[in-house]
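Trainee: Read off the chains here:
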Amino acid sequence: MRITTRAAIARGPHIGWELVDLQLDDPKAHEIRVRLHASGLCHSDDHITSGDARVRFPMVGGHEGAGIVESIGPDVRRVKPGDRIICSYIPACGACRPCSTGHQNMCVKGLNAGSGMFLDGTFRFHLGDEDLGGFCSLGTFSQYAVVSEWACVPVADDIPWEVACLVGCGVPTGWGSAVHAAGVRAGDTVVIFGAGGVGSNAVQGARYAGAKNVIVVDPVEFKRDMAKFFGATHAFATAQEAHDFVVETTRGQLADHVICTPGVVTEEIVNAAVLMTGKGGKVTITAVGHFDERAVHVHAGLLIGYMREIRGALFGDSNPLYDIPMLLGLYRSGDLKLDELVSRKYRLDQVNEAYQDLTDGKNIRGVIVHEH
Amino acid sequence: MSMTTRAAVCRAPGQPWEIIELELDEPKANEIRIKFHAAGLCHSDDHIQKGDAPMRMPVVGGHEGAGVVDAIGAGVTRVAVGDHVTCSFIPACGSCRYCSTGRQNLCDAGKNAGTGMFPDGTFRFHADGEDFGGLCVLGTFSQYAVVSEFSVIRIPEDIPFDVAALVACGVPTGWGSAVRAGGVRAGQTVVIYGAGGVGSNAVQGASLAGAKNVIVVDPVEFKREMAGVFGATHTFATAKEAHEFVVETTWGELADHAIITVGILHDQVIHDAIQVVGKSGQVTITAVGNGWIDENPGMLIGYQRRIRGSIYGGCSPLFDVPLLIGLYQAGDLKLDELITRRYALEEVNQGYQDMLDGKNIRGVIIHEH
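If you read the sequences in order, they're chains A and B. Read left to right, the first sequence gives residues 1 to 372 (the numbering used here). Read left to right, the second sequence gives residues 1001 to 1369 (the numbering used here).
What the hints contain is simulated information worked out from the structure, not anything from laboratory work. Mixed in with the good hints, there may be bad ones.
[To be verified] Only some residues are given here: those of chain B computed to face chain A with a beta carbon under 7 Å: (1) 1098; (2) 1100; (3) 1304; (4) 1337.
[As the list claims (entries may be wrong)] Sample of chain A residues facing chain B (criterion: CB under 7 Å; computed from the structure): (5) 98; (6) 279; (7) 294; (8) 295; (9) 298; (10) 310; (11) 312.
These figures come from a predicted structure and were not determined experimentally. Ideal Cβ positions, reconstructed from N, Cα and C, are used throughout, including at glycine.
Isolated chain A, as found in the complex (with noise of 0.2 Å):
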């Protein structure tokens, strides 16, 4: 049976989050009800209410969350009604080519993130006759959604809410970039443009990982002392000042990784980090740039002569199912921070506050808490 839920919605670029009430469908075979208890505010949501985010219109908004099970479609074995789960932005559905070869991030059933279509082409959010997509198949800044099982990753009972929802996005990409996809080992030296939600993961990643400098470049104060709270040996408003240090503390060998998880990825940025990056070094772009922008334009030759390394990274190149309950067990054992990512809680009315804040570069991490 249909029931209504609260949700902010987008229905275009640049006209903010709208909250309505929206019709859910029953879930059907394969996916779940979910009644979400948090919802993180991820700066790729932003990106699509700016307009850097190619989507669908109308949109639910929201891709981090955290809730109960309320009910199941037909056929489905991950969860059962009453479990607490995460969302994973990404789905693992464990049996595709990516899934099969250790690239959960890269499941083929990711493909709808944009439409939030559901894979037989309909919709389970409606209003009056339009149907809306969840952002990632998901729309977590509604009450309820109805997901498919493999986005569901359970959760134990002791893992509060708002630090949960952060697990299903913003965690797993920044720590993954530093672990998993930059590959960072004992002795290295890292530099990281950006200490928000994500960067301040890679930074905690980094440092797990045994990295001897982990540098982090931050136009903000507070993100800048955040940063050496979550393990940064150094910090430097500007890529300049990093960069002079990095010659200086490495004797001119430059750094082994640099790391991009800004807001918005700028060509200045991934050149800089080029330039940073020493002999066999590797440059992880995790950041979402401007639709239009060819961020990533250097000369092939700075790639060449020090075999240097430009990779994208989705998801931290982490695969869900294995790294999601392996960060909270960080988390527990008190290897991880977590609710020090948490700055300020919103209700679902705020969530256009809530950005205004992220921009204003007041928060690490803002976190809905749904009410009921």
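With chain A fixed as given, assemble chain B onto it according to the hints.
Mentor: Positioned in the frame of chain A, the structure of chain B alone reads:
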């Protein structure tokens, strides 16, 4: 005692190679003098002569060479007089950070490749009071040269010099682009752009590593035919035809690897290569030229593609050069077939014209003594 040697030199970008007599110093400490028998005509020397790549001028050309050790300076331990050797276009000092971590292709001692100056600030080639550097501190377009002992690798005496010369640069650069820098594995689909003296060896590397599809893109029919000899499973004249084939044969999953080994790097081939690799795919760039990567980050992030620069194919010369010679001896690497034409030193400009006309996989200079 210094001696005289005939050599092909370039005095300024755009000027042709000129054959002159040079004075050659005695080898100093840790240096050796080589009597060259063969030198490969690599595209990189043409890039220097055309001005595509910066180089101190005047320069003695040539960085692929093989010959016999003629004299040694003090303290030389790697080779003895009379040894047959091939040159490595990047030296391997064996003790810097990169040599110490299995990456001899990045050896810090390679820093003077673009000047030909020795680490003490001096030169070994001279004419009329002027110092001449050798390309990559070698200068194999000379009958004799003085080089660092770090730049030579001893080879068996039964390996022909013309074949040995190519194992100094083009062969490991291409083979390693597939096997080392690319990391091609059994069952994969690989697209190789450009099947000249480097690309032909990328084909051989990908094939030996067990790639299911070794797909070559080259506009020259002769090179496509030769690519088939070296192990290509499919060849196409254009990137578009190759792309359509890859889509069809992989059911849209696209290629695991694209390797760029074209003569002159340009923006379009980089873009084509990025488009042809699938999820977690890798683009390996080995070519020289004014090519730019020009992409939205989403092209790299969404499919998690990687773009890697490759020098020397990621090979460690002291390990990989003997390994490649062993594969040649075992019949697993075709080297004789790489040599399309042989030239006298005086024919060097003709040799490069033939290369630019697409007539050669590799031309080789046979030095006269």
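Trainee: Double-check residue 1098(B) for me: the hint is only fine if its C-beta lies closer than 7 Å to a C-beta in chain A.
Mentor: holds (6 Å)
Trainee: Hint check: is the beta carbon of residue 312(A) less than 7 Å from a beta carbon of chain B?
Mentor: For residue 312(A), the interface hint holds, since the closest Cβ of chain B sits about 3 Å away, which is under 7 Å.
Trainee: Using 7 Å as the Cβ threshold, decide whether residue 1100(B) counts as touching chain A.
Mentor: violated (12 Å)
Trainee: Would the hint on residue 1304(B) stand, with a C-beta cut-off of 7 Å toward chain A?
Mentor: holds (5 Å)
Trainee: Quick check on residue 310(A) please, does its C-beta sit within 7 Å of some C-beta on chain B?
Mentor: Hint holds; residue 310(A) Cβ to chain B Cβ min 5 Å, cut 7 Å.
Trainee: Would you settle whether the hint for residue 294(A) is holds or violated, based on the nearest Cβ-Cβ distance to chain B being less than 7 Å?
Mentor: holds (5 Å)
Trainee: Close enough to count: is the Cβ of residue 295(A) nearer than 7 Å to one in chain B?
Mentor: Holds, because the Cβ-Cβ distance from residue 295(A) to chain B comes to roughly 5 Å (cut-off 7 Å).
Trainee: Take the shortest C-beta to C-beta distance between residue 279(A) and chain B; is it under 7 Å?
Mentor: holds (4 Å)
Trainee: A closest beta-carbon separation below 7 Å is what the hint needs, so does residue 98(A) meet it against chain B?
Mentor: holds (6 Å)
Trainee: Report holds or violated for the interface hint on residue 1337(B), using the least CB-CB distance to chain A and a cut-off of 7 Å.
Mentor: Not OK, violated: residue 1337(B) not within 7 Å of chain A, min 27 Å.
Trainee: Can you verify the interface hint for residue 298(A): is its Cβ closer than 7 Å to any Cβ in chain B?
Mentor: Because about 5 Å separates residue 298(A) from the closest Cβ in chain B, which is inside the 7 Å limit, the hint holds.
Hint compliance for this structure: hints 2, 4 are not met, and every other hint is.
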